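A.B. asks: If you read the protein sequences in the order shown, they are chains A and B. Counting the first sequence from 1 gives a position; the numbering used here is that position plus 218. Counting the second sequence from 1 gives a position; the numbering used here is that position plus 218.
Note that these hints are calculated values from the structure, not bench results. Please read these numbers as outputs of a predicted model, since none were measured by experiment. For every residue, glycine included, the Cβ atom is placed at its ideal position computed from N, Cα and C. Treat the hints with care, since some could be wrong.
Label pairs and their calculated CB-CB ranges [unchecked claim]:
| # | chain 1 | residue 1 | chain 2 | residue 2 | range |
| --- | --- | --- | --- | --- | --- |
| 1 | A | Q373 | B | T371 | 54 to 62 Å |
| 2 | A | G437 | B | G435 | 34 to 42 Å |
| 3 | B | K279 | A | Q373 | 55 to 63 Å |
| 4 | A | K240 | B | S238 | 50 to 58 Å |
| 5 | B | K240 | A | H439 | 34 to 42 Å |
| 6 | B | T399 | A | H439 | 30 to 38 Å |
| 7 | B | T371 | A | T271 | 55 to 63 Å |
| 8 | B | T399 | A | T399 | 23 to 31 Å |
| 9 | B | E273 | A | P235 | 50 to 58 Å |
| 10 | A | H523 | B | D312 | 37 to 45 Å |
Protein chains: 2
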Amino acid sequence: MSILAVGSVAFDSITTPAGSVKDMLGGSATYFSLAASYFTKVRVVAVVGEDFTSEHENVLKKRGVDTRGIEHAKGKTFRWGGKYLENLNEAKTDFTELNVFEKFQPRIPVEYKDSTILFLGNIHPALQAAVRREMQNVQLTGGDTMNFWIQGTRQELGETLKLVDVLLINDGEAKMLAGQTNLPRAAHHVLAMGPKALVIKHGEYGATIFFREGAFGIGRHPFRAPALPIEEVKDPTGAGDSFAGGFMGYIASQEELNREVLKRGLFYGGVMGSFAVERFGTERLQSLSREEIDARFEVFRELTHLE
Amino acid sequence: MSILAVGSVAFDSITTPAGSVKDMLGGSATYFSLAASYFTKVRVVAVVGEDFTSEHENVLKKRGVDTRGIEHAKGKTFRWGGKYLENLNEAKTDFTELNVFEKFQPRIPVEYKDSTILFLGNIHPALQAAVRREMQNVQLTGGDTMNFWIQGTRQELGETLKLVDVLLINDGEAKMLAGQTNLPRAAHHVLAMGPKALVIKHGEYGATIFFREGAFGIGRHPFRAPALPIEEVKDPTGAGDSFAGGFMGYIASQEELNREVLKRGLFYGGVMGSFAVERFGTERLQSLSREEIDARFEVFRELTHLE
Numbered sequence: 219m220s221i222l223a224v225g226s227v228a229f230d231s232i233t234t235p236a237g238s239v240k241d242m243l244g245g246s247a248t249y250f251s252l253a254a255s256y257f258t259k260v261r262v263v264a265v266v267g268e269d270f271t272s273e274h275e276n277v278l279k280k281r282g283v284d285t286r287g288i289e290h291a292k293g294k295t296f297r298w299g300g301k302y303l304e305n306l307n308e309a310k311t312d313f314t315e316l317n318v319f320e321k322f323q324p325r326i327p328v329e330y331k332d333s334t335i336l337f338l339g340n341i342h343p344a345l346q347a348a349v350r351r352e353m354q355n356v357q358l359t360g361g362d363t364m365n366f367w368i369q370g371t372r373q374e375l376g377e378t379l380k381l382v383d384v385l386l387i388n389d390g391e392a393k394m395l396a397g398q399t400n401l402p403r404a405a406h407h408v409l410a411m412g413p414k415a416l417v418i419k420h421g422e423y424g425a426t427i428f429f430r431e432g433a434f435g436i437g438r439h440p441f442r443a444p445a446l447p448i449e450e451v452k453d454p455t456g457a458g459d460s461f462a463g464g465f466m467g468y469i470a471s472q473e474e475l476n477r478e479v480l481k482r483g484l485f486y487g488g489v490m491g492s493f494a495v496e497r498f499g500t501e502r503l504q505s506l507s508r509e510e511i512d513a514r515f516e517v518f519r520e521l522t523h524l525e
Numbered sequence: 219m220s221i222l223a224v225g226s227v228a229f230d231s232i233t234t235p236a237g238s239v240k241d242m243l244g245g246s247a248t249y250f251s252l253a254a255s256y257f258t259k260v261r262v263v264a265v266v267g268e269d270f271t272s273e274h275e276n277v278l279k280k281r282g283v284d285t286r287g288i289e290h291a292k293g294k295t296f297r298w299g300g301k302y303l304e305n306l307n308e309a310k311t312d313f314t315e316l317n318v319f320e321k322f323q324p325r326i327p328v329e330y331k332d333s334t335i336l337f338l339g340n341i342h343p344a345l346q347a348a349v350r351r352e353m354q355n356v357q358l359t360g361g362d363t364m365n366f367w368i369q370g371t372r373q374e375l376g377e378t379l380k381l382v383d384v385l386l387i388n389d390g391e392a393k394m395l396a397g398q399t400n401l402p403r404a405a406h407h408v409l410a411m412g413p414k415a416l417v418i419k420h421g422e423y424g425a426t427i428f429f430r431e432g433a434f435g436i437g438r439h440p441f442r443a444p445a446l447p448i449e450e451v452k453d454p455t456g457a458g459d460s461f462a463g464g465f466m467g468y469i470a471s472q473e474e475l476n477r478e479v480l481k482r483g484l485f486y487g488g489v490m491g492s493f494a495v496e497r498f499g500t501e502r503l504q505s506l507s508r509e510e511i512d513a514r515f516e517v518f519r520e521l522t523h524l525e
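Full structure from sequences and hints, please.
C.D. replies: Put into structure tokens, the structure is as follows:
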């Protein structure tokens, strides 16, 4: 099944202990699409400016991503600059230039309307809801959000959460959204807001999926996937979006949605996140093979597997 | 095989979001011994004051712990007071009264000398080393330490690390000890200091064991065990010592030391830590059954197990 991904395309300027890059292709839709492209067909809806060249677009096209939904607007592409210091889990933002992204109104090509799986990247929750409502054939919706929307657009986010089947956020976002410092309690609060499942990403410690009672007919026991202890983290940017791409992409590639598929999806999410951070920007995600991905999946499995 | 545990016995005054307790029996040797007692015979070496009654000692005796190595000294037992605020992972110390613990010189009863497994709780590294050197029949030594010793007694700690087979510390301690912010790199630095294996405890995210190349003849791939997402964390005090007790206790109960035993030990460590935090002090660890422990082991296994 093909996935429709809606999100940002950006040029990132990043400094980490491993070096610096300027105006490197990034954005949530970019990372998500590249990661998911190893599992299924991906269609993308985003907006870019006049500085987004065919060379940039080819990064996605080479991976078979359908880019007809990328709107080319007058002006400059969204730009973000940030630093990761000693603590690679947290970025310090240097600047955010929304540019064409400020007025982004997702326009879905008619050819995309038969998509059955939807991923709502980290954009204004009202836009996420509008996209979801427009997509009548969707059977599973994944979504992301962040502190900015949790604090600033609480009510709209509440409406959007009723339309999302699987929400993917990190520990801090889950606790903020729920107003709870205990993680499993926060998870149950968030699930009561609408999603059937909640994936909480723990960065270098992996991720946990919590289920609403009766969701997907699979009981409510949580499941946890590890992350690989990686010595060479070059650039953490996009790890969460790559995680989402691996998770949703794997699910889209399966005929049935059951507990085992969601579990394996969580492992594939970790795998794609672990590849993403090995190089700056999307470099590593551009040139993987399914064999490399499955080999790392086995490493992840071995990491926690008891005989 | 029986374990000899050397460490502290204390009376803790603890405040958490779930409530407050005063002068509750605690200390690293206490938590460790109770947790390990479900797997093997435990002998303990520690010092207590005149306020340590037979009622306190019976907590250990009821679990079959050999308390002949507990020295009764003039004065008061070690006391610690602390608060856990919203972030249950970190305690704010209110007071530390070393009392009889200040002059603690571990004296090992002659009946303990045949112990083959040794756990060196979090005490001065020079004392840890002296105990290890005195125990000639020991085949496996586990050890703990903390920031205080890493910063204050670096050289002595370096000597002790050469005598420890498995070091159990948390993320922050590992990074401080190695002078490295990347966890797997920190692990390799620590392993170069002496231990054959390093268990890094991630609190609510579980634990990872790293192996020195060739150690135990099992290769150097790390292994990670999850922690259970727990809704009711009443009191995190002693979680790390209970983890160590479950880990070392399980290992001591096995005939052979191989990769699978170390992996299962890591799971049992998480299991005992998860029980410890459910009640204040050692309450939960006093009245478990092996059936309850094994049932939770299965829950932990299911938490990350792929078909």
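A.B. asks: Going through the earlier hints one by one, which of them does the structure break, listed in rising order?
C.D. replies: none
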